[in-house]
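The lines below spell out each chain.
Protein chains: 2
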Amino acid sequence: MGIVVQKYGGSSVADATSVKRVAQRIVATKKAGHDVVVVVSAMGDTTDELIDLANEVSPLPPARELDMLLTAGERISMAVLAMAIGNLGQEARSFTGSQAGVITDAEHGKAKIIDVTPGRIEKAIAEGAIAIVAGFQGVSQTTKDITTLGRGGSDTTAVALAAALHADVCEIYSDVDGIFTADPRIVPDARQIPQISYEETLEMAANGAKILHLRCVEYARRNDMPIHVRSSFSDKPGTWVLKAEDVTKDPTMEQAIISGVAHDRSEAKITVVGVPDQVGYAAAILKALGDAQINIDMIVQNVSAAATALTDISFTLPRADGQTAMTALARLKDQVGFERLQYDDSVGKVSIIGAGMRSAPGITARFFQALADANVNIAMISTSEIRISVVVAESQVENAVRAAHSAFDLGTDEVEAVVYGGTGR
Amino acid sequence: MGIVVQKYGGSSVADATSVKRVAQRIVATKKAGHDVVVVVSAMGDTTDELIDLANEVSPLPPARELDMLLTAGERISMAVLAMAIGNLGQEARSFTGSQAGVITDAEHGKAKIIDVTPGRIEKAIAEGAIAIVAGFQGVSQTTKDITTLGRGGSDTTAVALAAALHADVCEIYSDVDGIFTADPRIVPDARQIPQISYEETLEMAANGAKILHLRCVEYARRNDMPIHVRSSFSDKPGTWVLKAEDVTKDPTMEQAIISGVAHDRSEAKITVVGVPDQVGYAAAILKALGDAQINIDMIVQNVSAAATALTDISFTLPRADGQTAMTALARLKDQVGFERLQYDDSVGKVSIIGAGMRSAPGITARFFQALADANVNIAMISTSEIRISVVVAESQVENAVRAAHSAFDLGTDEVEAVVYGGTGR
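Sequence order for the protein chains is A and D.
Sequential numbering of the first sequence, starting at 1, is according to full-length UniProt numbering.
Sequential numbering of the second sequence, starting at 1, is according to full-length UniProt numbering.
Just so you know, not all the hints are guaranteed correct.
[Claimed, not checked] With a straight-line Cα cutoff of 27 Å, these simulated DSSO-like cross-link-like pairs (lysine-lysine) come out:
(1) A:Lys123 / D:Lys123
(2) D:Lys123 / A:Lys112
(3) A:Lys110 / D:Lys110
(4) A:Lys123 / A:Lys112
In case anyone wonders, no lab produced these hints; they're calculated from the structure.
Isolated chain A, as found in the complex (with noise of 0.2 Å):
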């Protein structure tokens, strides 16, 4: 049989008791027939823990010193791993993302994958070793200096050195069975998807579904590795991540024209009031907040009325860079002459993904009927082939979810009790 590798989050290796039912797993694995690779996260808070300590000596550490710093805590729980999986009698060696041969530019805190040499991770399973790799880090290929890869980095590390290995697959572990139709904590019989394509998880994870990073997903659809997203509390069968092609219709369910709903509670929406409707306008407010490294996401500009010659234009972006955004654009009142900037962190997206909806007419008139007839008023819309979103105030999202999940009839008859978490990094 073939390679695995299993990527285990933050939570599923807590603690020393963690650790070793992690151990069992993998050992068993092995035991399977399989070679085993093994991608860990830091044990628990650890990583919290050395930014604090970061904080106490440094307002604001150098980054390349960040990254050594907080590289200690994979390197810690991948020993201790590597220990749990020796003391069950299966050899096990642990390897530093250097090691490994992560081989990333030298953007510290947020370095992305240049290569992949696994040589020595090759020889420590033709050895008939378990091998165990730090995720979330690499070495940069200019500096030789060690590298982070900021959010997603561990998951994204998984499958690129799946993709590296040729693997079979990469088994994503985490405190979550696999990806659901929607959050269910919001909507009790949300079902677990088995299988799912690259792009509609794509649009669930960059629409606020918080189980598989965007760059992860990236990674696995640009090199065809299929993911496997399951519990480490469990052992049961969770979400495969596919090829379009390869994903299997449900059978009992005659038009998945829907895949899920996603939403997202983490954006706020800016609107600039009065803005002259002239060439060149919009543009230089888009501008400015691309110099203010802030991605927006949603934009929409009014029809201007004619009388006036003015329009507004609104867009959505994280919450986080709310501050940054508005000073930002204060400082083009004079140059643009618009009338007013307006600030709501109020408000939520949620989305319908399905590949079923290229081919079905009428998806988004059901979808707006459904959110009429629970008196959700529509913000904002915007949609990709396989995506409908709209922005709605934060306090009827959950409305909204339950809404479209029910009238495209994703529900499953039997209520799972799982809790519906996000994914470390």
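Given chain A's structure and the hints, the job is docking chain D onto it.
The following block gives chain D in isolation, referenced to the frame of chain A:
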């Protein structure tokens, strides 16, 4: 000015406050015009905490993985120290043992340094940065695995780097002001030694003085690297460890025959009673101990009583090895035909050390008379060219140290309020 290598032990970087204090000292050295390379141990109790964690998952952790785990300790302290220095406006770059070019053999947990290739350190200081290097660790030449150097490893890293960089001096910082003529906790008028030879320091270290480790002094002697032993809590000059011919004779002492009195309470004594006085029996006993990896220190064989043709063989060894040694010897009982074994772990060793004794007659008599006057009974004696050691009852160790210190006029008039502590690793 040239390169200064500074080594700070775990007690000097126990918490954020200590790290900031050490950072100021380092920056002051840099501002005085030196190129500065710093070797640092793990913060405070970090190493013990990591060992506890390892023991939670495995009673006998694999040595390779234990090294991977423990090296996280220095990784944390060096990164945090680099941040604290950066906060004072100086650039500092941290380097793992591997990055600093500390090449070792593959003996995990007690690796020996084979070579030091500090190209990245030289580049960093050439570019004006302060280099911070993780002590106690290296990388195996053959396996490319991370190794630790065992006891005294951080001091040895510092001396080895200083030698490879052709530094002017290797400064070893701890919580003690320097090397003293005796332990000031036992001898209140013990005097700090301004300068002392490598050979005397080696004898002090080998006979219970806890300031410097044997390995580090050996390395310095072989490479003629001056060591300056200092406190990180004060600016006082410490003790210089130098080539014998470079040691300035203390003008206040007419004849510095004896440099210091060392004592050691870590040994036990085993006596094999009633060994047939025949060729090969003593050798068989020593071989059995060697096979059990036990280093014996002193050894004494009584003259046999002609009537019985039986003799007694006594030796001292580390108390920690007592049980192993007794087990190994008991197995020999029938083969050698000795009468019985005696084990005594309430013994201590007191040594006077001084290069001057080479040319001064009567030193042994003066030492033994002082012990007799203090009612100290001598159980065993051993000597080298520059040392005389006696084994006494543990309860008599302090008496014996004071008697010897006084007999050779080692005291000072000022009583220093210092704590004579041990170095970490």
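Checked hints:
Straight-line distance between C-alpha atoms of lysine 123 (chain A) and lysine 123 (chain D) comes to about 33 Å, which puts the hinted pair past the 27 Å bound. A distance of roughly 26 Å separates the Cα atoms of lysine 123 (chain D) and lysine 112 (chain A); the hinted pair therefore holds under the 27 Å criterion. The suggested pairing of lysine 110 (chain A) with lysine 110 (chain D) is violated, with an alpha-carbon distance near 36 Å, which exceeds 27 Å. Restraint check: the Cα-Cα separation between lysine 123 (chain A) and lysine 112 (chain A) comes to about 25 Å, which is no more than 27 Å; the hinted pair holds.
Violated hints for the displayed structure, listed by number in ascending order: 1 and 3.
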